[in-house]
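Engineer: Sequence:
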Amino acid sequence: MKHDVILHDVAKAANVSIATVSNVVNGKGRVSKTTMKRVQQAIEQLGYAPNLLARHLKTNQSRLIGLVVQTTKPGRIQDNPFYWDLSAGAEEIARDHGFHMILVSMGMPEETLDFVKQRQLDGLLVVGITDHRGEDALFRTLDIPCVYIDSYLNDPRLCQVCVDDQYGGYAATKHLLALGHRRIALLIGDIPMDQLHRYAVLQQRWLGYRKALDEAGLPYDPGLMIRLPTSVQGGYHAAAWLANHNDVSAIFSMSDIAALGLMKGIKDMGWRVPEQVSLVGFDNLFMSGYTLPALTTVSQNIVQKGRVAVKLLMELMDNKCSTSRKVVLPVELLVRDTTTKAHLTDRQ
Numbered sequence: 283m284k285h286d287v288i289l290h291d292v293a294k295a296a297n298v299s300i301a302t303v304s305n306v307v308n309g310k311g312r313v314s315k316t317t318m319k320r321v322q323q324a325i326e327q328l329g330y331a332p333n334l335l336a337r338h339l340k341t342n343q344s345r346l347i348g349l350v351v352q353t354t355k356p357g358r359i360q361d362n363p364f365y366w367d368l369s370a371g372a373e374e375i376a377r378d379h380g381f382h383m384i385l386v387s388m389g390m391p392e393e394t395l396d397f398v399k400q401r402q403l404d405g406l407l408v409v410g411i412t413d414h415r416g417e418d419a420l421f422r423t424l425d426i427p428c429v430y431i432d433s434y435l436n437d438p439r440l441c442q443v444c445v446d447d448q449y450g451g452y453a454a455t456k457h458l459l460a461l462g463h464r465r466i467a468l469l470i471g472d473i474p475m476d477q478l479h480r481y482a483v484l485q486q487r488w489l490g491y492r493k494a495l496d497e498a499g500l501p502y503d504p505g506l507m508i509r510l511p512t513s514v515q516g517g518y519h520a521a522a523w524l525a526n527h528n529d530v531s532a533i534f535s536m537s538d539i540a541a542l543g544l545m546k547g548i549k550d551m552g553w554r555v556p557e558q559v560s561l562v563g564f565d566n567l568f569m570s571g572y573t574l575p576a577l578t579t580v581s582q583n584i585v586q587k588g589r590v591a592v593k594l595l596m597e598l599m600d601n602k603c604s605t606s607r608k609v610v611l612p613v614e615l616l617v618r619d620t621t622t623k624a625h626l627t628d629r630q
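Quick note on the numbering used here: the sequence shown kicks off at 283 and runs consecutively.
Think of the hints as simulated: they come from the structure by calculation, not from any bench. One or more of the hints may lead you astray.
[Unchecked claim] Straight-line C-alpha distance at most 27 Å; calculated BS3-like pairs for lysine-lysine: (1) K549 with K456; (2) K456 with K546; (3) K623 with K456; (4) K593 with K608; (5) K294 with K319; (6) K294 with K315; (7) K493 with K623; (8) K608 with K493; (9) K593 with K399; (10) K623 with K549; (11) K546 with K623; (12) K493 with K456.
Turn these sequences into a full structure, and let the hints guide you.
Structural biologist: Next comes the structure, spelled out in structure tokens:
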């Protein structure tokens, strides 16, 4: 009967000690190149699959959880502090429970699944997927606990964490309307509007925007959708869009990071915020209160979102959560210095 290959088998095949094999596998200690090559050849020949955490041998747990983030667009992670805050909150609680967290980028879903299997992750936090792209079904094939963040999945069996995105969009637009703005543009992202349902967070914020317009008796104008990336670069280039829409007196950006880029673009155009255009962001990133002027924004507690997601995941992993849960965290509008009463000024 064939048995699983263990360190002893590799050591015997390579004619070295178990300690030497362990050093090679874990990248520790001093091992000569010749010996290292011999051990690696034995590992390959025997098909040994080393587990990086010894505890897994006793408990069948790797003590690793993955934070899966969409990375279909360059710079999504490193350029957006949203992900820094989310991972900080998640890692804080993971460490409290004796787990480590690794970042898993999802370009091709199949490759992501293979990676999760190879690393034998004990659980996953999956950010920003939707029913419409079919990714949720792929993750369910893994048969490991998953908590979905900012995903708005319809399956009632799933554990999810999000914020009240629709209310956030509503509150931002309502604030601008109360200041007398009527031509309010929305920096929504570089997506076709007929595909908005595939980007649930953006859709929810857009629905809040629409609701506020409807209550004010204002028609929805698709021409006010700025279809540029919700990134620093996208926001910066939105200033050029604004140059061709002199009737627009305010912009609601779907993210702070894009709003900060837009502020820079507006300044480079020779215009002033909020005197010539009011601006509202979404997230309340740590730097948003330190810009000049300080950014008015819809505040969500991103760190807390990460914490709550891991707490839910721990419950799932300990079989303490027998039913699915959807946690909706609150948001609030922080009025700072980038919004003022509407008074159109020529920006030409």
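Engineer: Each of the hints needs a verdict: does it hold here or not?
Structural biologist: Right, here's what the structure says about each hint:
1. For the suggested pair K549 and K456, the alpha carbons sit about 26 Å apart, so the restraint of at most 27 Å is met.
2. The straight-line distance between the Cα atoms of K456 and K546 is roughly 25 Å, inside the 27 Å bound, and the hint therefore holds.
3. Note on K623 and K456: the hinted pairing holds, with a Cα-Cα distance of about 13 Å set against a maximum of 27 Å.
4. As the CA atoms of K593 and K608 are separated by approximately 13 Å, the hinted pair is consistent with the 27 Å bound.
5. Proposed proximity of K294 and K319 is supported: the alpha carbons are some 15 Å apart, at most 27 Å.
6. Of the pairs offered as hints, the one joining K294 and K315 holds, with about 18 Å between alpha carbons and a cut-off of 27 Å not exceeded.
7. For the proposed pair K493 and K623, the alpha carbon gap of about 21 Å is at most 27 Å, so the pair holds.
8. This hinted pair checks out: K608 and K493 have alpha carbons roughly 23 Å apart, not beyond 27 Å.
9. For the hint linking K593 to K399, the alpha-carbon distance of about 22 Å falls within 27 Å, and the restraint holds.
10. About 19 Å separates the Cα atoms of K623 and K549, which keeps this hinted pair within 27 Å; it holds.
11. Among the hinted pairs, K546 with K623 is consistent with the structure: their alpha-carbon atoms are about 21 Å apart, no more than 27 Å.
12. This hinted pair checks out: K493 and K456 have alpha carbons roughly 9 Å apart, not beyond 27 Å.
When the structure is compared with the earlier hints, no violation turns up for any of them.
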